[in-house]
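All chains, please: the whole structure from these sequences, using the hints.
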Amino acid sequence: ILNVEQSPQSLHVQEGDSTNFTCSFPSSNFYALHWYRWETAKSPEALFVMTLNGDEKKKGRISATLNTKEGYSYLYIKGSQPEDSATYLCALNNDMRFGAGTRLTVKP
Amino acid sequence: DTGVSQDPRHKITKRGQNVTFRCDPISEHNRLYWYRQTLGQGPEFLTYFQNEAQLEKSRLLSDRFSAERPKGSFSTLEIQRTEQGDSAMYLCASSLAALAGPGNEQFFGPGTRLTVL
Chain P
1 ILNVEQSPQS LHVQEGDSTN FTCSFPSSNF YALHWYRWET AKSPEALFVM
51 TLNGDEKKKG RISATLNTKE GYSYLYIKGS QPEDSATYLC ALNNDMRFGA
101 GTRLTVKP
Chain R
1001 DTGVSQDPRH KITKRGQNVT FRCDPISEHN RLYWYRQTLG QGPEFLTYFQ
1051 NEAQLEKSRL LSDRFSAERP KGSFSTLEIQ RTEQGDSAMY LCASSLAALA
1101 GPGNEQFFGP GTRLTVL
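Taken in sequence, the protein lines are chains P and R. FYI, the numbering used here numbers position 93 of the first sequence as 93, with every residue one higher than the one before it. For any residue, its number in the numbering used here is found by taking its place in the second sequence, counting from 1, and adding 1000.
Hints are computed from structural coordinates only; laboratory data are not their basis. Since the model is a prediction, treat every value here as computed from it, not as a measurement. You may find that some hints are simply not true.
[Said to hold, decoys possible] With a cut-off of at most 20 angstroms between alpha-carbon atoms, the simulated EDC-like pairs for lysine to aspartate or glutamate come out as follows:
hint, chain 1, residue 1, chain 2, residue 2
1, R, K1014, R, D1024
2, R, K1057, R, E1068
3, P, K107, P, E70
4, P, K59, P, E45
5, P, K42, R, E1056
6, P, K42, R, E1078
7, P, K58, P, D95
8, P, K42, R, E1068
9, R, K1011, R, E1083
10, R, K1071, R, E1044
11, R, K1071, R, D1024
12, P, K58, P, E45
13, P, K57, R, E1083
14, P, K58, R, E1078
15, R, K1071, R, E1083
16, P, K42, R, E1083
17, R, K1011, R, E1028
18, R, K1011, R, E1105
19, R, K1057, P, D95
20, P, K59, R, E1105
21, P, K78, P, D95
22, P, K107, P, E5
23, P, K59, P, E83
24, P, K69, P, D17
Here it is as structure tokens:
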């Protein structure tokens, strides 16, 4: 992995479904990984800063895990709500490289 | 101070014109970043400042792009001789960088949407 890659590119789920998506990144020279949430017509909003291998962070129904050795992070949303609809971005802190994002749409 | 602000929010210009955008960071933040974002992509890093020092500018897209932060507070991004390919959202973010430890989260402004005709 040379770049920050996110999958899937987009996701449609029903209200109440739990979902997860992936951020893959180069594992060498890792410093920190950031997750952001970007709602349409708003500014990106920071969710988590993850630094240590095995880190798990949680904010309400949203949680994230980090594996720096294999170069991936998962973001989980439990019981998705329509207000969770947004683009979720991850970024490497050391060189400010962002993934293209996962666009989540939660249908009521 | 409620957050990062950017001005203007929208700019329409003709090809070949120069444009300048302004970003006012959160007042106690010492770092300021500029990004470009095009449809379907994540933000693309352009440059950043720590106080008034521009610490990284090698990723500015061309020599038509320049940025300043003369007093370590607000910053301007200028694009000279605009081209249609410069049409994008230009985002500014700020953060408070500690001397040690992981990078702090960035707080983003609403962006300036540039359309080059």
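How the hints compare with the structure:
no.: 1; hint: R:K1014 to R:D1024; verdict: violated, 26 angstroms
no.: 2; hint: R:K1057 to R:E1068; verdict: holds, 11 angstroms
no.: 3; hint: P:K107 to P:E70; verdict: violated, 33 angstroms
no.: 4; hint: P:K59 to P:E45; verdict: holds, 13 angstroms
no.: 5; hint: P:K42 to R:E1056; verdict: violated, 27 angstroms
no.: 6; hint: P:K42 to R:E1078; verdict: violated, 23 angstroms
no.: 7; hint: P:K58 to P:D95; verdict: violated, 25 angstroms
no.: 8; hint: P:K42 to R:E1068; verdict: violated, 25 angstroms
no.: 9; hint: R:K1011 to R:E1083; verdict: holds, 13 angstroms
no.: 10; hint: R:K1071 to R:E1044; verdict: violated, 25 angstroms
no.: 11; hint: R:K1071 to R:D1024; verdict: holds, 12 angstroms
no.: 12; hint: P:K58 to P:E45; verdict: holds, 15 angstroms
no.: 13; hint: P:K57 to R:E1083; verdict: violated, 43 angstroms
no.: 14; hint: P:K58 to R:E1078; verdict: violated, 39 angstroms
no.: 15; hint: R:K1071 to R:E1083; verdict: violated, 30 angstroms
no.: 16; hint: P:K42 to R:E1083; verdict: violated, 26 angstroms
no.: 17; hint: R:K1011 to R:E1028; verdict: violated, 28 angstroms
no.: 18; hint: R:K1011 to R:E1105; verdict: violated, 28 angstroms
no.: 19; hint: R:K1057 to P:D95; verdict: holds, 12 angstroms
no.: 20; hint: P:K59 to R:E1105; verdict: holds, 15 angstroms
no.: 21; hint: P:K78 to P:D95; verdict: violated, 31 angstroms
no.: 22; hint: P:K107 to P:E5; verdict: violated, 25 angstroms
no.: 23; hint: P:K59 to P:E83; verdict: holds, 15 angstroms
no.: 24; hint: P:K69 to P:D17; verdict: violated, 30 angstroms
In terms of the numbered hints stated before, the structure departs from hints 1, 3, 5, 6, 7, 8, 10, 13, 14, 15, 16, 17, 18, 21, 22, 24, listed from lowest to highest.
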